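Visitor: Using the sequences provided together with the hints, build the complete structure.
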Amino acid sequence: MTYLDSVRVAFLNLKANMVRSLLSMLGVIIGTAAVIVVISLVNGSRESDIESWMAGIKGVLTIRVKYSGGDVRRITMDDVEYLKKTPHVVDVLPDVKTMTDMRGPLGRANGTLGGVNMFYVENNKYVLVSGRLFSAAEIETRSSLCLITDQFARKMFRNQYPIGQKIRLPEAAVEVIGVVRPPARSLNPFLDMDVMVSIPTAMRFMKKFPIYSIDIHAGEENLEKVKASLTQLISLNPEKSDYLELIDPRDMYREAFERSRSLMIQMILIACISLMVGGIGLMNVMLTSVAERTHEIGLRKALGASSRVILHQFLIESMTLSGVGGLSGVFLGTMVSYSLGVLSHGKIYVSIPFVALVVSFVFSSVIGLVFGLFPASKAAHLSPVEALRYE
Amino acid sequence: MSAITLENVSKSYRMGQEDLPVLRGINLTIEAGEFAAIMGPSGSGKSTLLHLMGALDRPTSGRVVIAGSDVAELSDVDLSFLRNRMLGFVFQNFNLLSYYTAFENVCLPLVYSGTNQEDYEFAKEILIHVGLGERLRHKPHELSGGERQRVAMARALVNRPHIILADEPTGNLDSKNGETIMGFLQEINRAGTTVVLITHDSSVASYAHRVFRIQDGVFQ
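Sequence lines, in order, name chains A and B. Okay, so the first sequence: first residue is 1 according to this note's numbering, each after it adds one. Okay, so the second sequence: first residue is 392 according to this note's numbering, each after it adds one.
Do not rely on the hints blindly, as some may be mistaken.
To be verified - Calculated from the model, a selection of chain A residues having no Cβ within reach of chain B, i.e. all distances over 10 Å:
1. 20
2. 42
3. 85
4. 119
5. 129
6. 136
7. 140
8. 159
9. 171
10. 229
11. 236
12. 239
13. 241
14. 252
15. 280
16. 361
Said to hold, decoys possible - No farther apart than 20 Å at their CA atoms in a straight line, the calculated lysine to aspartate or glutamate pairs in the EDC-like style are these:
17. B:567 / B:592
18. A:84 / A:221
19. B:515 / A:5
20. A:15 / B:533
21. A:15 / B:495
22. B:530 / A:5
23. A:378 / B:467
24. A:84 / A:248
As the list claims (entries may be wrong) - Short derived list, chain A residues pointing at chain B, Cβ under 8 Å:
25. 5
26. 12
27. 16
28. 296
29. 299
30. 302
31. 303
32. 305
33. 306
34. 307
35. 309
36. 384
37. 385
Since the hints were derived computationally from the structure, they do not count as laboratory data. Since we're looking at a predicted model, the values are computed, not measured. Glycine residues also receive a C-beta, built at the ideal position from the N, C-alpha and C atoms.
Guide: Here it is, written out as structure tokens:
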């Protein structure tokens with residue numbers, strides 16, 4: 001019996017028992033789709049993480065306060081000034097940020113206020129929508145000027161033109177000079193803020209808020225030099241090394257990347273369990289099919305089919321079922337993944353590597369082979385006489 | 392040369408704790424080219440006898456030799472080859488596959504023997520010969536009982552077998568269709584093919600050169 005004919009018989013049976021075939025494939029379809037969706041989501045978040053981390057950490061080092069419990073020391077403004085003067089350091093960005101109550105001409109709104117440096121808008125891929133950015137002088141001083149996000153502008157000023165408006169804070173007021181739009185998917189959600197002011201301005205508002213972390217922009221080419229001198233600075237100063245640590249974000253990135261890889265493997269394993277369950281459903285249907293077609297198997301043997309040919313026929317049938325199921329699952333999974341991406345307006349980033357499609361399809365076919373083995377061998381070992389007698 | 396030889400063949404089935412003997416010490420030789428009939432009431436063991444002669448089953452004891460080969464010495468693949476090339480089966484209930492057309496049913500043995508275009512042409516010729524030239528693409532449920540048995544006949548003949556084994560081929564047919572089928576069997580036999588027929592109908596058995604009567608697993 002040719003394989004082509006086996007495949008044809010498989011499709012004929014598939015068609016003859018449409019509902020049953022669909023139900024048996026459903027498990028495989030859902031299982032395969034689950035694998036695809038999981039891969040696309042985890043892989044998507046990995047890829048977008050790579051993008052944002054790479055953009056955010058280019059030439060950046062972080063010094064942060066060690067968490068030791070009890071009385072935690074903070075980074076002082078003197079520290080900030082000192083770090084700024086370290087050779088090759090281009091700029092520093094202390095993490096000064098707070099939620100605060102703000103008032104505009106139309107009422108109050110809550111928002112995040114924080115200090116930014118020259119690189120902030122560019123590094124985080126913000127786009128200037130209207131107005132202007134800070135000048136070099138403005139960002140170095142207590143300028144009482146601010147940038148706001150387009151979202152916050154709508155919240156605070158509704159239809160009014162925001163440029164030139166005053167936002168009143170508990171201590172003082174700042175004037176809006178520009179509106180910026182953050183990317184659809186934030187590069188670093190922890191750094192997102194609604195109102196951006198210069199660091200000296202922010203420090204003024206937030207005297208009572210401590211600085212726990214500070215980013216040091218060294219530029220890519222000087223990163224290693226700065227890293228070496230800062231390491232030395234901290235380790236040579238027992239008072240500083242007591243509560244400060246230097247972090248290379250690339251190390252954190254590598255760590256997170258490793259973690260996401262083991263997460264992906266775990267998720268895929270879980271998705272594979274659903275594919276296994278699909279395989280068991282398939283086995284059940286194949287057993288029913290063998291029982292129903294006992295008479296046919298006897299006839300085929302009487303007409304010259306050997307046990308091996310019957311085994312192959314039923315294996316091909318179960319692999320056809322799981323293969324068609326797998327193909328549909330790959331299609332469904334791809335559709336669901338991209339729909340998630342589109343429906344979330346790009347907030348959920350999906351990416352499906354082509355190899356994942358191929359591997360899921362092959363794996364679902366293998367499921368058909370494995371779970372078809374028992375029913376097929378049952379069919380192959382039927383005695384022709386018993387099978388012919390069976391009605 | 393004999394087509395089929397049975398030497399002291401016994402067959403029993405296990406029913407719970409007991410062995411139920413169906414055939415006891417059968418000796419039978421069917422010569423090549425012969426038209427033989429085996430007659431007996433239901434339960435006499437005649438179908439079991441035909442299954443042994445068709446290499447569909449193995450005897451409990453004794454020797455079954457088909458076309459020169461001892462069935463006991465053949466592997467599963469050899470047995471399949473024997474059934475495919477040497478033997479042709481005609482059943483009482485036709486045994487056509489419902490999802491195949493008449494032509495595809497006839498070609499089923501070809502699927503297991505490896506085929507060329509000539510074989511398919513031959514399959515078509517036989518169907519035309521049995522008067523089903525217009526019914527090639529019909530499914531079994533679109534055919535009458537007589538037509539279905541003619542398809543089954545064509546299927547038995549498609550690999551040019553040496554021996555045709557027919558188990559009550561007219562059992563489910565009216566007398567007119569039964570005569571047509573018997574006419575074909577007679578014609579096949581005249582062309583040189585050995586025919587072994589099982590029946591409980593003496594008018595059907597009268598087509599045969601030799602009639603063996605079996606009762607309770609022994610010839611009378």
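Visitor: For every hint, state whether the structure bears it out.
Guide: Going down the list of hints, with the structure as the test:
1. 20: holds, 15 Å
2. 42: holds, 44 Å
3. 85: With a cut-off of 10 Å, residue 85 (chain A) remains clear of chain B, as the shortest Cβ separation is near 87 Å.
4. 119: holds, 71 Å
5. 129: holds, 66 Å
6. 136: Non-interface label on residue 136 (chain A) holds, nearest chain B Cβ at 82 Å vs cutoff 10 Å.
7. 140: Check passes; 84 Å lies beyond 10 Å.
8. 159: holds, 70 Å
9. 171: Check passes; 85 Å lies beyond 10 Å.
10. 229: holds, 81 Å
11. 236: holds, 84 Å
12. 239: holds, 87 Å
13. 241: Per Cβ check, residue 241 (chain A) is outside 10 Å of chain B; nearest 80 Å; holds.
14. 252: holds, 63 Å
15. 280: holds, 27 Å
16. 361: For residue 361 (chain A), whose nearest Cβ neighbour in chain B is about 27 Å away, the distance exceeds 10 Å, so it holds.
17. B:567 / B:592: holds, 15 Å
18. A:84 / A:221: holds, 17 Å
19. B:515 / A:5: With Cα atoms ~19 Å apart, residue 515 (chain B) and residue 5 (chain A) stay inside 20 Å; holds.
20. A:15 / B:533: Status holds; Cα separation ~19 Å.
21. A:15 / B:495: At roughly 17 Å apart (the allowed maximum being 20 Å), residue 495 (chain B) and residue 15 (chain A) satisfy the hint.
22. B:530 / A:5: holds, 18 Å
23. A:378 / B:467: Since the Cα atoms of residue 378 (chain A) and residue 467 (chain B) sit roughly 16 Å apart, the hinted pair holds (cutoff 20 Å).
24. A:84 / A:248: holds, 17 Å
25. 5: holds, 6 Å
26. 12: Holds: closest Cβ of chain B sits about 5 Å from residue 12 (chain A), inside 8 Å.
27. 16: holds, 6 Å
28. 296: Since the shortest Cβ distance to chain B is 6 Å, the answer is holds.
29. 299: This interface hint holds because 5 Å falls under the 8 Å limit.
30. 302: holds, 5 Å
31. 303: Status holds, d = 5 Å.
32. 305: holds, 5 Å
33. 306: Result: holds, 4 Å to nearest chain B Cβ.
34. 307: holds, 5 Å
35. 309: This hint holds: residue 309 (chain A) lies near chain B, its Cβ roughly 7 Å from the closest one there, short of 8 Å.
36. 384: holds, 5 Å
37. 385: holds, 5 Å
Taken one by one, the earlier hints all hold for this structure without exception.
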